[in-house]
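Next come the chains, spelled out residue by residue.
Number of protein chains: 2
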Amino acid sequence: MALSDIAFKRIEAIVGSPRCTRRPEERICYAYDAAAGRFMPDAVAFPENAAEISAILTLANAEGFFVVPRGSGSGMSGGAVPVQGGLILVMNRMNRILAIDRENLVATTEPGVITSAFHAAVEKEGLFYPPDPSSSDFSTLGGNLAECAGGPRAVKYGVTRDYVLGLEVVLPTGDRIKTGVQTTKGVVGYDLTRLLVGSEGTLGIITRVTLKLLPLPASVGTMTAIFPLPETAVETVSEIIRRGIIPRTLEFMDNASIRCVENHLKMGLPMEAGALLLIEADGNSEETAKTLDKIQSLCRGHGASAVHTAATPEEASALWKARKAISAALFQYAPHKINEDIVVPRSRIPQIIRRIEMLREKTGLFMASFGHAGDGNIHFNIMLDKSDLEALKKAHTAVAALFDYTLELGGTISGEHGIGITKAPYLLKEIDPGALSLMKRIKKAFDPNGILNPGKIFPES
Amino acid sequence: MALSDIAFKRIEAIVGSPRCTRRPEERICYAYDAAAGRFMPDAVAFPENAAEISAILTLANAEGFFVVPRGSGSGMSGGAVPVQGGLILVMNRMNRILAIDRENLVATTEPGVITSAFHAAVEKEGLFYPPDPSSSDFSTLGGNLAECAGGPRAVKYGVTRDYVLGLEVVLPTGDRIKTGVQTTKGVVGYDLTRLLVGSEGTLGIITRVTLKLLPLPASVGTMTAIFPLPETAVETVSEIIRRGIIPRTLEFMDNASIRCVENHLKMGLPMEAGALLLIEADGNSEETAKTLDKIQSLCRGHGASAVHTAATPEEASALWKARKAISAALFQYAPHKINEDIVVPRSRIPQIIRRIEMLREKTGLFMASFGHAGDGNIHFNIMLDKSDLEALKKAHTAVAALFDYTLELGGTISGEHGIGITKAPYLLKEIDPGALSLMKRIKKAFDPNGILNPGKIFPES
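Those sequence lines, one after another, are chains F and E.
So in this note's numbering, spot 193 of the first sequence is number 1486, and the numbers just go up one at a time.
So in this note's numbering, spot 132 of the second sequence is number 1425, and the numbers just go up one at a time.
If we strip away everything but chain F, and leave its shape as in the complex, we get (with noise of 0.2 Å):
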């Protein structure tokens, strides 16, 4: 199914020339995203607006070939690139906010806006947006849609579906439809709108987006916890919840990460520390006040050597520099990453913790795990040179081994990158054939063909 001439053309006609392009040296900015992998699309086109994507989706079905959208392609799992050819929408274009309301707590945007300029023109209105993806200066609300992105305010406010109401959808046949609606509640007919967040790009195209916003919070309080050993650290962490305390993040560094981040931005992180927990509260002044006092006392009262309030808004916003900049800083110990954002039960993350430990003790290999550990979600990373393949072949069975026993705690292998191309072999491991096969018929029933993205989330057969 690869791009003809005359498809080309066509689809020349429907966007404009300028918007088009099959030059390789454009081409090749579009053939890869966050996670490993390199495919060179046929063409590139840049849509304004969902009849021109309706006309190329169209014209796809007749012609025969494969389109796959995409964002700022920052997705961890190869959601964006094109596996088997064909062509790249480049969705960015389509970065309108067309309306913040205030009095009903609603946003409707375009795909294209990128996630943190979202977040600043709904908090200039005093409103809150709380998804927050590590990529959120870059990446963009469709993609966090497309794979349905978490970050760290998950563990009070939940993740990218729990604030998208309503969507405006290309179907791979080129229907235009819209889901859901512009409300809190709604049960017309079924849900749509949650089978779409987190399909990869796969069941349509999100063309607009109505999402549910909060009150922004009057205060925000940051704190870091540092803990000799990791174990504890976690363990601190299982225990905040357990007391009914909810704080808005709770991300866990080990010494790994620590390390690196410290490397990279020179902030005074202690090097030697086992983790470091960085903690945010909000709610008023006074709830925001209590509420870090009590985590603090239970961080020290589970062996937190030190314990640290960010006494301005700076300070906190360079903590969160240091938490953000990890991924990326990793690189500075090899040239390819294995990442993985696997997730257990709260109470079950000492024991994955422990498991990782062994894992890097047997393997030698450099290992680093952070994340979100206010929702049992832990990215384990293994840095290395791909080039050495008994490295590399000693990281997959580390992995294998390490999704097997994330299910054996009850956990699932990804917590918001999805699966994509990077975790599709191991898919079977945790959905069992009689959903998969669902899964199939679903994905047939809204693309008969198989024209958009194809070669992602099922296991090839």
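Calculated from the structure, these hints are not laboratory results.
Please note: incorrect hints may appear among the correct ones.
In this list, chains with the same sequence are indistinguishable; a pair is considered to hold if it fits within one copy or across any two.
Using 16 Å as the maximum straight-line C-alpha spacing, the simulated EDC-like pairs for lysine to aspartate or glutamate come out as follows [as the list claims (entries may be wrong)]:
no.: 1; residue 1: Lys1733; residue 2: Asp1468
no.: 2; residue 1: Lys1655; residue 2: Glu1683
no.: 3; residue 1: Lys1505; residue 2: Asp1455
no.: 4; residue 1: Lys1471; residue 2: Glu1701
no.: 5; residue 1: Lys1722; residue 2: Asp1697
no.: 6; residue 1: Lys1302; residue 2: Glu1356
no.: 7; residue 1: Lys1471; residue 2: Asp1725
no.: 8; residue 1: Lys1505; residue 2: Glu1396
no.: 9; residue 1: Lys1559; residue 2: Glu1608
no.: 10; residue 1: Lys1722; residue 2: Glu1753
With chain F fixed as given, assemble chain E onto it according to the hints.
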């Protein structure tokens, strides 16, 4: 597709003869739900586990009979009635709470657990399950999931779908699958969990549920505010939210609803009031008191003639008893009820309330409105004698006009009751044909032979 004698004998072989029946006096108990309409099933069975349900659905495909799952029959749109006959599966015997996990804030239950029994069980552990439909004293969790029940606390805490993490389901084909996860995050494959929630028993039969819980708020405060005019009451609702205050409930009753409850319960409610708001705040005790203070002064500033805080939990509970009694108490006015649960964006409630007034004046019908004003979700009721055909015709015309206006205001024709049979004729007012056709393809992907709960959601073509 009537149930044959052979098929019934096979059902008997699956569940045992004490747990299935064809006696008319037993069948008639399962011929209706809380909506209009009575449809006799051919037989009734009381399964006790997923294996039995799977065997029955497999048989239904082979023998060609319909199967309709049913909880307590408290649904408001006819979701549980066998409109085309067949076998009723009464799910109430699968009523065990299997686990309440305090450390991870999750519970696992069977679908037949009564909602309020579940509330009591988790509250005993210091935990909180917010969804609280007015029928909670008799509705089942499985029914709540099938309809995506809402209730008064949705304004702060969201609806049923926001608390469902994972399911075990028997598909219409008889296949048994697991969906979702046991953790807050999880993005592995398509979101079957939330597709099944709100699918009104047409896509699968839920046999086990994993629910997310919250810590139980330390305190709850309850207040009422009496307004001379309904418009000022609902304008106050908007103003509360505009100020960034999200109370846990924000309920509205119009004069007809107030009178109705007062006649029924004799609690001393003001019979002449234009409207009453029933508001709850929760959090720690200071926070609760502060929030109620702010709301009370907003109510006074907007013309409330009386504002009152419940002094004791007993008084608060009496107020809720009054609120929950409205729906049934309305039958003092007429033998039949047409009951709709429209939603509009919160700021547009004054408009919809004025339109209801106009319709009341125009038709001369008895109308009562009450509901979850905090989410813009109004239960609009017409009380009448359906043998008065002229009144019935006027009522249907009024409902259709109100639906049109609701959609014009950016609302939805059902916030929590679902479509079932009562709203199916109106579905295409809200859902576009492309989305409807996709929903039918999804139904086919789940239920190729159309054996599960036929005749629901989709308008007759």
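Hint by hint, which ones does the structure fall short of?
Hints that this structure does not satisfy do not exist here, as all of them hold.
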